[in-house]
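One-letter residues, chain by chain:
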Amino acid sequence: QEKVQQSPESLIVPEGAMVSLNCSFSDSASQSIWWYQQHPGKGPKALISIFSNGNKKEGRLTVYLNRASLHVSLHIKDSQPSDSAVYLCAVSDYGNEKITFGAGTKLTIKP
Amino acid sequence: EAAVTQSPRSKVAVTGGKVTLSCHQTNNHDYMYWYRQDTGHGLRLIHYSYVADSTEKGDIPDGYKASRPSQENFSLILELASLSQTAVYFCASSERDSQAPLFGEGTRLSVL
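Those protein sequences? They're chains Y and F, same order as listed. Under this note's numbering, read the first sequence as residues 1 to 111, first letter to last. Under this note's numbering, read the second sequence as residues 112 to 223, first letter to last.
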């Protein structure tokens with residue numbers, strides 16, 4: 001069974017700071033990795049995905065994947081108060097049959 | 112616009128009663144999932160389905176049944192609700208390969 005662990009559990013940073021969130025997973029055969037954002041009382045919303053080793057940038061978001069170390073990270077540049085949310089890391093097996101989530105990181109951006 | 116709709120949005124049930132949570136997707140997706148979310152545990156997979164009339168057990172299936180009568184509809188059934196099943200339940204759908212699952216807004220279930 002896939003294990004997904006996220007760190008830190010919570011993070012408070014000032015507006016404009018760079019944010020770094022971490023996720024480790026247990027199965028090197030895992031296929032797709034996504035980062036989700038979840039605001040209170042809402043369903044998770046997919047932000048960015050990565051499938052191959054290396055990095056991927058979309059706007060203020062950059063994700064880095066290292067399959068050898070079973071680690072993926074999400075970096076948010078120029079953080080805004082609206083980025084305050086819980087961030088979830090999700091890892092899928094081949095073909096999207098089973099998708100396992102981490103417990104999440106609660107991010108608070110202080111104006 | 113792609114959507115996953117859950118009903119009801121909230122429910123109060125009595126211990127030992129039967130509860131049915133419903134999910135409807137308009138995305139023509141093959142896969143559908145039921146997750147529960149508890150503080151400190153993130154999202155945990157209960158049941159999933161990749162085709163109508165077939166369901167698979169996820170990581171925490173005990174105490175839950177699932178039903179997928181059509182591609183669009185996926186239900187989660189608690190035959191004998193217990194206090195420990197108080198949680199927020201999310202339904203999601205996705206394509207077979209590589210697409211990020213799309214989530215509904217959740218159902219908050221309180222078992223008293």
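For the record, the hints were derived by calculation from the structure and aren't laboratory data. The structure presented is a predicted model; accordingly, all values stated were derived computationally and were not measured. Cβ atoms here follow ideal geometry from the backbone N, Cα and C, with glycine treated the same way. You may find that some hints are simply not true.
With beta-carbon atoms standing in for the labels, derived distance ranges [stated by the list, open to error]:
(1) F:Glu190 - Y:Asn53: 23 to 33 Å
(2) Y:Asn53 - F:Lys129: 45 to 55 Å
(3) F:Thr131 - Y:Asn66: 20 to 30 Å
(4) F:Asp173 - Y:His39: 22 to 32 Å
(5) F:Lys129 - Y:Gly54: 17 to 27 Å
(6) Y:Ser7 - F:Asp170: 17 to 27 Å
(7) Y:Lys57 - F:Leu194: 23 to 33 Å
(8) Y:Arg67 - F:His152: 23 to 33 Å
(9) Y:Tyr94 - F:Val125: 33 to 43 Å
(10) Y:Gln31 - F:Ser221: 18 to 28 Å
(11) F:Asp149 - Y:Asp93: 32 to 42 Å
(12) F:His152 - Y:Ser52: 39 to 49 Å
Taking the hints in turn, this is what the structure says about them:
no. : hint                           : in the structure
1   : F:Glu190 - Y:Asn53: 23 to 33 Å : violated, 45 Å
2   : Y:Asn53 - F:Lys129: 45 to 55 Å : holds, 48 Å
3   : F:Thr131 - Y:Asn66: 20 to 30 Å : violated, 43 Å
4   : F:Asp173 - Y:His39: 22 to 32 Å : holds, 30 Å
5   : F:Lys129 - Y:Gly54: 17 to 27 Å : violated, 49 Å
6   : Y:Ser7 - F:Asp170: 17 to 27 Å  : holds, 21 Å
7   : Y:Lys57 - F:Leu194: 23 to 33 Å : violated, 46 Å
8   : Y:Arg67 - F:His152: 23 to 33 Å : holds, 26 Å
9   : Y:Tyr94 - F:Val125: 33 to 43 Å : holds, 42 Å
10  : Y:Gln31 - F:Ser221: 18 to 28 Å : violated, 36 Å
11  : F:Asp149 - Y:Asp93: 32 to 42 Å : violated, 23 Å
12  : F:His152 - Y:Ser52: 39 to 49 Å : violated, 30 Å
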